[in-house]
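So the protein lines, in turn, are chains X and Z.
Our numbering puts the first residue of the first sequence at 1, with every later residue one more than the last.
Our numbering puts the first residue of the second sequence at 1, with every later residue one more than the last.
I should point out that these hints are in silico values taken from the structure, not numbers from a laboratory.
Honestly, I wouldn't trust all of these hints.
Put simply, identical chains are the same to the list, so a pair is met inside one copy or across any two.
Stated by the list, open to error - Calculated pairs, BS3-like style, for lysine-lysine (alpha carbon to alpha carbon, straight line, at most 30 Å):
1) K254 to K328
2) K254 to K112
3) K250 to K372
4) K112 to K250
5) K112 to K241
6) K241 to K254
7) K328 to K241
Small disclaimer: the values here were computed from a predicted structure and weren't measured.
Next come the chains, spelled out residue by residue.
There are 2 protein chains.
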Amino acid sequence: MYDLLKGLRVVEGSAFVAAPTCGLYLAQFGAEVIRFDNIGGGPDFRRWPLADNGSSLYWEGLNKAKKSVALDLGRPEGREIAQRLATAPGDAGGLFVTNFPVDGFLSYETLKALRADLICLRVMGWADGSQGMDYTINAALGLPQMTGPADDDRPVNHVLAAWDLLTGAWGAFALVSALMARQRDGQGREIRAPLSDIAAATMANMGFMAETLFAGQQRPRMGNDVYGAFGRDFTTRDGVKLMILAITPKQWSKAVEALGLSGEVAALEGELGVSFATDEGLRFAHRARLYPLFERAFAGRTAAELAPAFDAGGVTWGAYQPLEAALKDPRLYKDNPLFQAIQHPSGLTYAAPGAMGTIPQDERRPVAPAPKLGQHTDEVLSEVLQMSQAEIARLHDAGVVAGAS
Amino acid sequence: MYDLLKGLRVVEGSAFVAAPTCGLYLAQFGAEVIRFDNIGGGPDFRRWPLADNGSSLYWEGLNKAKKSVALDLGRPEGREIAQRLATAPGDAGGLFVTNFPVDGFLSYETLKALRADLICLRVMGWADGSQGMDYTINAALGLPQMTGPADDDRPVNHVLAAWDLLTGAWGAFALVSALMARQRDGQGREIRAPLSDIAAATMANMGFMAETLFAGQQRPRMGNDVYGAFGRDFTTRDGVKLMILAITPKQWSKAVEALGLSGEVAALEGELGVSFATDEGLRFAHRARLYPLFERAFAGRTAAELAPAFDAGGVTWGAYQPLEAALKDPRLYKDNPLFQAIQHPSGLTYAAPGAMGTIPQDERRPVAPAPKLGQHTDEVLSEVLQMSQAEIARLHDAGVVAGAS
C-alpha cells in the first residue's frame, strides 16, 4: 500500500480477474475503491480455489483494500443505487471500473446523463460486444498451438490468465491517464478495453503478427526453446530441470564459461564460421548443434554443483520449482517485504501482498484485506450518497441492500 | 493513438519487453517518449522475429510512436547525456523508464542529484538485483509444472512473456500515479518493479499461493480443464478442436441447451443430487462424469454446425486457430479499427495497432511507426538539452552520438 492516489474515489462493478485487478492496483495505491455486488455475491464470489469453509481464496485475493456494497441488482431501485454510486459527485470521483455490458443499465450513455464528466473503464470480451473470456480469445491467437513440446500437437492453454491480467493493469493506466486529461479539459470518457483488442495489439507489438504475415504461417511449436536466442531447460546429473537463458552477449559468455564449454563452443564457431557471442539469432539457428554440448555439460553435474557456480558466474538461470517450494523461497514469499500476514474475510490468517512494486522513498503502509461482502454498505450509502439512516434502514427492510452477515 | 497524456515527456533507457511496452503505452496516449540506445542498437535491436532484410519486427513493434536518440553509453560523455536527458527540466518531464541496473550510472541516487523530483520506473529481474528474466522467474512459480497435458510431466514454459507484459502495463500505471502524487506533493520517487515481485504478488492475488499454502502442494496439472468451473477443448465430428467455457449459471445453461444435453445433464444431477447451474465448482468436481456427455455431443456435430448454433445460443466458446487465420479474422486484424497500414523502419508496410483500447468520445489519431535508430538525436539534443548546432556537430565527430543511417 502506498498513497500515490490518495483522495481518489473509484467505484467498481465487476467480476472475475481483469476489472477486479484494475481496482486492486488502484486501491493498493491509496484510492478509495468501492466495489458493489449483488446481494449474496456476484458470479465470482465462490470462484475456486476455496478455503475449507467455502470462502473463495480467489475473491479475497483480488479484492484486497476495497470497500464492499451489496445491492439487489435485479431490481430497479438497486440498479439506480449502482448508477448513483458510479456517478457520485466530487472532483476526485466519477471514476468507474466495470465489466458490465456496454448497453445495459450501466451503459456510458445512461451514466453520462447523471455525470457528464464520468470516466469509465469498461472491460469487454470481444470488441463487438460478443461473449469472450481469456481462454476463448487466447485460442483465437495461435498461442495454444505454439505452446508445449514439439512432439505433441494438442493445443495447450495457458494456466495464468495473461490477457485478463494485462487488461487489468493497462486499464488502471488508462483510467489514471483519462483522469489527467479530465483535469486538463474537463471531459468525461469511456475507455473500452476488450480482451480481444488487448490480445491482438500485443501479438502485433511483439512482432508475432508481422512474422506470420510475411512467413505465411505462425512460428512452429518448439517446446521450451526461447525463440530467436539461446534458452531452454536442461537436466542435471541428478535429474533436476534448470532453465538457462542467454540473450545478451554477456549472458552467453557467462553461461558458456560457467559450464566449461568455451573450447567446444569455439570449435563449433570455427567449423560453422560464425560468432555466437555477437548474434543471439545464430545461437537459435544453430541450436541443434549447441544443445548436445549443453546437455552433456548439465548431465555431468548435479544441481547442487551448478546453482552456486551459476550464481557466482552471473549466469541467467532458474530452477523449476513447484509453488510449495516458492512459498519457502525467501525471495518470493517467506521473507518478501511485499507480503504481510493479515486476517482475511475467510477468517484465515496468511501472508498476502500489497502494491506490486517498491518505492524506497515512501513508507510501505500495512497490507489491507478484502472486505466482507456488504461490509461497507451503510457507510457508503451515508457518506457517498448522503442517505439518511432512515432511508438506509428502509432499503435494508425492502431487501434492496444488505450488510455483512 | 489518443491525446490523454499530451504534453508529458518521458525518457526511456530500456531493452526487451517490459520497459519498452511501458514506454509504448505512454507514447500511444500522446506522451513524447524519447528512447535512448547505444549507437548501433541495444541488446534487443536485432531480436527475432526479423524481416528478410535483417530488421527486427519485434523492435519496431515495441517502439512505435517513440523518438530515438543514439549515444555511446560506454563513454563518460555519452553516459552524461543519458543522465541529462532522464533529468531534463520541465513540469511535464522528469519521468524516466528504465531497466538499467539499480546501482549503475543511471541509479536513482545519481539522477536525483540532477533533478530532485525525478520519477523513475525501474524494471528489474529479481528484487534483490540479481539476474532474472521472464522465463527463469516463471520457472520458480510452479506454472510450467501446472501447464500442459496431464499425461506428460515435462515443464511447459509459456510462449507469451506474460510477466514482462504485466510489468510494462503496471509500470505505466505506477508512473502516471507517481506523477499525480508529485503534482500534489512535489516529491520525486523511484518505483522499483521487479518481475519477481509482480509475479509473486499476482500468484497470491489470484489465490494460487493461499491454495498451495493450505493444500500443502500446488494444484495438479490438468491439461486444458479450466480450474474450478466447466471449460475445456472438445473435438468435433470433423476433428476441429473448440474451447467451451461455462463459469456463470447463464453460460452453463446456454452451453447445455445448445448441445442438446438438458436431459442427460438433468439425469446426472438427479443421480448425484447436485445442481450444476448454481455452483460452477460442482461442474469441476464432477467433470469426469460430465466430459463424456460433452465429448459425445461434440463428436456428433461438425464445427460448421456448432459455430452458428453456439453464436445463436449465446454460448461462450472459441475455435483454436493459428495466427495466420487470426490475420484474416475481421475481429482481430483484417478489419480491426485499431490497426492501420503504415511504413515501418524496416521499410516494410503492414498494419500495426495504436493504443490498445477505444475511446468512443475521442478521435483515434493515426498509428505512428517506430523511429529509425538515432532518428531524433539532433532534434532532442537541441530541443530538450538546448545544445547548439556546433556542440551537436562536435559530439557526432567524436562518435559520442549518432543519427539515423
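* Asked: So which of those numbered hints doesn't the model satisfy?
  -> The structure conflicts with hints 2 and 5, although it agrees with all the remaining ones.
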